[in-house]
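Please construct the entire structure, taking both the sequences and the accompanying hints into account.
These protein sequences, in sequence, are chains X and G.
The opening residue of the first sequence carries number 13 in my numbering; numbering runs sequentially from there.
The opening residue of the second sequence carries number 2 in my numbering; numbering runs sequentially from there.
No lab work stands behind these hints, which were simulated from the structure alone.
You may find that some hints are simply not true.
[Stated by the list, open to error] Straight-line alpha carbon distances no greater than 27 Å define the calculated BS3-like cross-link-like pairs of lysine-lysine that follow:
| hint | chain 1 | residue 1 | chain 2 | residue 2 |
| --- | --- | --- | --- | --- |
| 1 | G | Lys72 | G | Lys58 |
| 2 | X | Lys54 | G | Lys4 |
| 3 | X | Lys54 | G | Lys19 |
| 4 | G | Lys14 | X | Lys54 |
| 5 | G | Lys54 | G | Lys72 |
| 6 | G | Lys72 | X | Lys14 |
[Unchecked claim] Stretch-level coverage of chain X by chain G, calculated; a stretch enters the list once three of its residues show a Cβ under 8 Å from a Cβ in chain G:
| hint | stretch |
| --- | --- |
| 7 | 57-68 |
| 8 | 111-117 |
If you're wondering where the values come from, they're calculated on a predicted model, not measured in any experiment.
For every residue, glycine included, the Cβ atom is placed at its ideal position computed from N, Cα and C.
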Amino acid sequence: QKEVEQDPGPLSVPEGAIVSLNCTYSNSAFQYFMWYRQYSRKGPELLMYTYSSGNKEDGRFTAQVDKSSKYISLFIRDSQPSDSATYLCAMSSLSGNQFYFGTGTSLTVIP
Amino acid sequence: DVKVTQSSRYLVKRTGEKVFLECVQDMDHENMFWYRQDPGLGLRLIYFSYDVKMKEKGDIPEGYSVSREKKERFSLILESASTNQTSMYLCATSWGDRVFDEQFFGPGTRLTVL
Chain X
13 QKEVEQDPGP LSVPEGAIVS LNCTYSNSAF QYFMWYRQYS RKGPELLMYT YSSGNKEDGR
73 FTAQVDKSSK YISLFIRDSQ PSDSATYLCA MSSLSGNQFY FGTGTSLTVI P
Chain G
2 DVKVTQSSRY LVKRTGEKVF LECVQDMDHE NMFWYRQDPG LGLRLIYFSY DVKMKEKGDI
62 PEGYSVSREK KERFSLILES ASTNQTSMYL CATSWGDRVF DEQFFGPGTR LTVL
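As structure tokens, this is what we get:
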């Protein structure tokens, strides 16, 4: 079993839709959770960084962590064509010496 | 803003050639990383460095070496390029003790080995 599982998609939604991107993990040591966005032919950029369980909101983006289910989500409200990208989850342990990226979900928002 | 630059966006080399990929950062970050990114496999860590002249193997170091003579520069070396090293190579940096968190990535180098 992989440490981090992420559905590769592709996911295609109409402009204005609410998008839900998800990752599951198996290692209960993970405490810090990240979402990166990667545009085509560019490097990933950090979008959201959260610690432990709960929600964190930043504009149209909400990161949600459910440690009891080992499940994290990124919600995008009012999705825009400029949100079209690959989204990668990442997570690390409390000590920081265990770190994994998900393989990424490709999202296209259609105007 | 952190700026991470990589020496080439696209590179074509022949099997057996020695290949140098360079990464330079301008924000005085202690930690630097080299990844390769392949469809379906995601990002895989090749090597990282947490200080000048220090290096640590990542998940897939075979066939690669690295050099960090100055804090701002981290080089990836393919001693004898092979076709299975055709990939997108990404450099990243971070600061602080949580070495892997909050990484800043360069634009990537698409390497093709013929």
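Taking the hints in turn, this is what the structure says about them:
Between G:Lys72 and G:Lys58 the CA atoms are separated by roughly 18 Å; this keeps the pair inside 27 Å, and the hint holds. For the given pair, X:Lys54 sits about 13 Å from G:Lys4 by alpha-carbon distance, which is consistent with the 27 Å threshold. Restraint check for X:Lys54 and G:Lys19: the C-alpha separation of about 25 Å stays at or below 27 Å, so the hint holds. A distance of roughly 21 Å separates the Cα atoms of G:Lys14 and X:Lys54; the hinted pair therefore holds under the 27 Å criterion.
Distance hint between G:Lys54 and G:Lys72 is fulfilled; the C-alpha atoms sit about 9 Å from each other, no more than 27 Å. For a cut-off of 27 Å, the pair hint linking G:Lys72 to X:Lys14 is broken: about 34 Å separates their Cα positions. Counting residues of the stretch 57-68 of chain X whose CB falls under 8 Å from any CB of chain G gives 3; the rule of at least 3 is met. As drawn, the stretch 111-117 of chain X meets chain G at 5 residues by the rule of a beta-carbon pair under 8 Å; at three or more, the given contact holds.
When each numbered hint is compared with the structure, a violation occurs for hint 6 only.
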